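Q: Add chains B and C to chain A, keeping to what the hints say.
Chains as they are written, first to last, in my numbering: chain A, 1483 to 1841; chain B, 1483 to 1841; chain C, 1483 to 1841.
I should point out that these hints are in silico values taken from the structure, not numbers from a laboratory. What you are looking at is a predicted structure, and each value in this text was computed from that prediction instead of being measured. Backbone N, C-alpha and C define an ideal beta-carbon position, used for all residues, glycine too. One thing to keep in mind: the hints can contain errors.
Said to hold, decoys possible - Listed next, with one range per pair, are the computed distances between beta-carbon atoms:
{"no.": "1", "chain 1": "C", "residue 1": "Arg1780", "chain 2": "B", "residue 2": "Ser1797", "range": "28 to 36 Å"}
{"no.": "2", "chain 1": "A", "residue 1": "Arg1581", "chain 2": "C", "residue 2": "Gly1602", "range": "48 to 56 Å"}
{"no.": "3", "chain 1": "B", "residue 1": "Ala1585", "chain 2": "A", "residue 2": "Ala1585", "range": "26 to 34 Å"}
{"no.": "4", "chain 1": "A", "residue 1": "Asn1747", "chain 2": "B", "residue 2": "Pro1783", "range": "44 to 52 Å"}
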Amino acid sequence: MPSTLAQLAETLSAQGVPCRIEGDSQRPVHAVATLEDAGPTDITFLSNPKYEKMLGSTRAAAVIVRNDQVVPDGMNVLRVPDPYEANARLMVLLHGYRRHPFAGVSTAARIAATARVGEGAAIAHGVTVMDDTVIGRNVVLYPGVFVGPGCTLGDDCVLYPNVVVYDRCVLGHRVTIHAGSVIGQDGLGYAPVGERWHKIPQAGIVEIGDDVEIGACCAIDRATLGKTVIGSGTKFSNLIAIGHGTRIGPHCMFVAQVGVAGSVNVGRHVTMAGKAGVAGHLTIGDGAQIAAMAGVMRDVPEGTKVLGAPAMEMSEAKRMMSAQARLPELRDRVRALERELAELRARLAADDGSDPRRA
Amino acid sequence: MPSTLAQLAETLSAQGVPCRIEGDSQRPVHAVATLEDAGPTDITFLSNPKYEKMLGSTRAAAVIVRNDQVVPDGMNVLRVPDPYEANARLMVLLHGYRRHPFAGVSTAARIAATARVGEGAAIAHGVTVMDDTVIGRNVVLYPGVFVGPGCTLGDDCVLYPNVVVYDRCVLGHRVTIHAGSVIGQDGLGYAPVGERWHKIPQAGIVEIGDDVEIGACCAIDRATLGKTVIGSGTKFSNLIAIGHGTRIGPHCMFVAQVGVAGSVNVGRHVTMAGKAGVAGHLTIGDGAQIAAMAGVMRDVPEGTKVLGAPAMEMSEAKRMMSAQARLPELRDRVRALERELAELRARLAADDGSDPRRA
Amino acid sequence: MPSTLAQLAETLSAQGVPCRIEGDSQRPVHAVATLEDAGPTDITFLSNPKYEKMLGSTRAAAVIVRNDQVVPDGMNVLRVPDPYEANARLMVLLHGYRRHPFAGVSTAARIAATARVGEGAAIAHGVTVMDDTVIGRNVVLYPGVFVGPGCTLGDDCVLYPNVVVYDRCVLGHRVTIHAGSVIGQDGLGYAPVGERWHKIPQAGIVEIGDDVEIGACCAIDRATLGKTVIGSGTKFSNLIAIGHGTRIGPHCMFVAQVGVAGSVNVGRHVTMAGKAGVAGHLTIGDGAQIAAMAGVMRDVPEGTKVLGAPAMEMSEAKRMMSAQARLPELRDRVRALERELAELRARLAADDGSDPRRA
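Extracted from the complex, chain A is given alone in its bound form (with noise of 0.2 Å):
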């Protein structure tokens, strides 16, 4: 959809986002493009100074930038409070979102007799929905989709390809899940007897909430008992697994490879970094920031940083860190300390020898 930047900053203004432009308000734009790679008729943005230096050299039509950005003589530039935020919006509306290739019911998909689908699904071939589903209005299913029996899922939803939701999970609307991932299989419920493993029947299920995203090959396990739950508005990546009645709460991000285990209570508004751990049976709280690779062994409280494996408070663990850097140095010291330590006892023994109230 091409525009000029006037069209682009009036539309931005009509969405509530300030911005002024500096340049040639005429210039046409077609797309949005990364600094590096962007054409004479592409936009781009700067957010993070690390790329400030490429403003020398890109060849965009206009950059979005910070109202207090110094830029070179006569670039088009577009002033926005947020350009990150103001880019994203540009997206939307340049680029929209993926246009999915399916429409109606293949009849090569296999939809059981018992099943029902909302108006305007589209199922493709190779689609699997079994006994007494129910699924939204609008629905996509790619190609190589299983959803087994007794599932629910809401409207808007989308399951790209060989997505697979075992028996009875139930998912919102506007769920959209990528390729491969798995909702709803059995955790690893045994009990020990002797030396073997005796499965416990996973009797629970994954319930889904609204506006959740999921990435490619994550796992997320069925409870044993009662649900294992995603909240509303959470996102994940990739290669995530979830274990057995964890409950997420809403507005979560998790990066790739997180791991949570069984009988997790995670808060609201939760962020997990990328392959951070989380240890059964913990409570983290609302607005906890879990940092890559965290080990966490113990609840976080509410708006609590935690790094580290053990994870340990922000603060705590930097001091920790550092002190650990500086571990060589302190061997030294000790090792000053002994020294001078020794010549000292060594001067008062000669001392002592010499001192005549000794003797």
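A: The following block gives chains B and C in isolation, referenced to the frame of chain A:
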């Protein structure tokens, strides 16, 4: 299957579990539920003391508790030596295991003419079974399963949707593999030639013993030569990676996101907690316990618990971690020593200066 | 393909590998096997000195060893400069690579009318190829593969069962992707709006170079803008996550469960061992080596080895780890110093008390 508390106690007793009812033995029980979710026809249990306070608020028909557990007045209880295990038995009794919604061999499955399928097998539409493969009796293959040429699957195996088994792999009896897992892909076998990597044919297989259960989205490399082995009775959670030529003993339990490199020998009844990793060519002794996120870089002797990255024997690791946690304090103590020693030297220097014997 | 030891030596020599037979050069050899598993018609090799003691017990027809290796009397050996590499060559010769059990385009594959399929391609039943996609010559697509609209696959690519390639992604020639891997799903791109996350369209693609091999259950995000790149000749093991916009150079090798966040620049011939993680927006120089479980939080210069989490240069990390290991000892030394200093002060105080000069 509705029962009374008395009937359940009788069944448990018949299975060798000593149990004693307190309260209304005729109370009807329909299902098992958690302390939190249980309604008036559910039985629940208390095993983890962390949840003891929930005894006061549960609406359960009855609670399975330890023999010496103090409970609120008027609560119906079933006293047993091990509530977790007794509850597992009741779950089998009241809920049973998943019933698979397929029967017979679908005409929309692709089964090679040279493949053999055992009596009672359920092979769904969209399954592929390649040449010379043998499928045991009562095996269940869900849609999207691919079993390569020359494989053998024992009796009563269950492969959930989209599981892939590469050529010539061997599964024992009663093997369960959850959705999206891959068995027998080529391992990372390359010979370095200059800066290039020349692929080494991966001529071996994967052999899985009886009664193994593997979670979702796991990846088990075939051996370069010989076989990668998963011993009988071993249980895996999700997103686990096993390298080529690794041999894992019987009755092990691996939690989600564990990774074991190639050519590792793991003994029997070894447990690895979430995200633990083991480097290549090591030996892990029988009964070893590898903690969550441990990074094992050396052999682990039989019966040893290890912790940390690089992993150390548990007590050693704890001593080191406790010393680390008090590192800022240690630094303060060294600083105090330096100060005191400096004062002492200053004082002695002053003394010396005024000491006629030194003159 | 049965041969004699002499014939194998001749073939290796013709490939430029200097080799010398000791023992029976007419000994027939049918296959390659491990030292442990080799039978009387197998050849095996000793490369890792750890397995040297197995020379005494192997039943192999012959053993490939280093020029200076001491061997038991009467053993047939093939002496070469690099036994691992010579063995890899014999594996190609005696075992070859997997032959794919499909030929031609199945009538049960779903190929869009606007897609183009190269000569010699083998497209199995249950494959989906969407609109405007171009499939190169001799490509093999196993059942359950999904290739979205507008993709390009070069010649001789092999996609194992259930691989998913999202829209517009580009694969070079001779790319192999193992089962269950996903290429080009949306990355974790959201703009925070209050406590909600607004999805940013992921308008970029993934571009994979020639001769890349990717393991099972990997997930490679498409770029938000521009492209995520996997350089030619790069090899991935299983369960690897690559974030949006990351560019990985040629001839890298990544072991299982590696995770690289978004917007990272990785040079050429970089190795990352198992479970290593790299934070976003970093640069990893050519030839860098990232140790297993390392957590890289800063740029890594060319040719540098890093270790630990947070990752440090190898020698620095080892110094710190050695200091850490001796931390309990250091604490004891500080305690001893405190004791000695206290004694010294007590003695001096006593001296002072009896010292007429102080009075």
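Q: Broken hints, numbered, in rising order?
A: 2, 4
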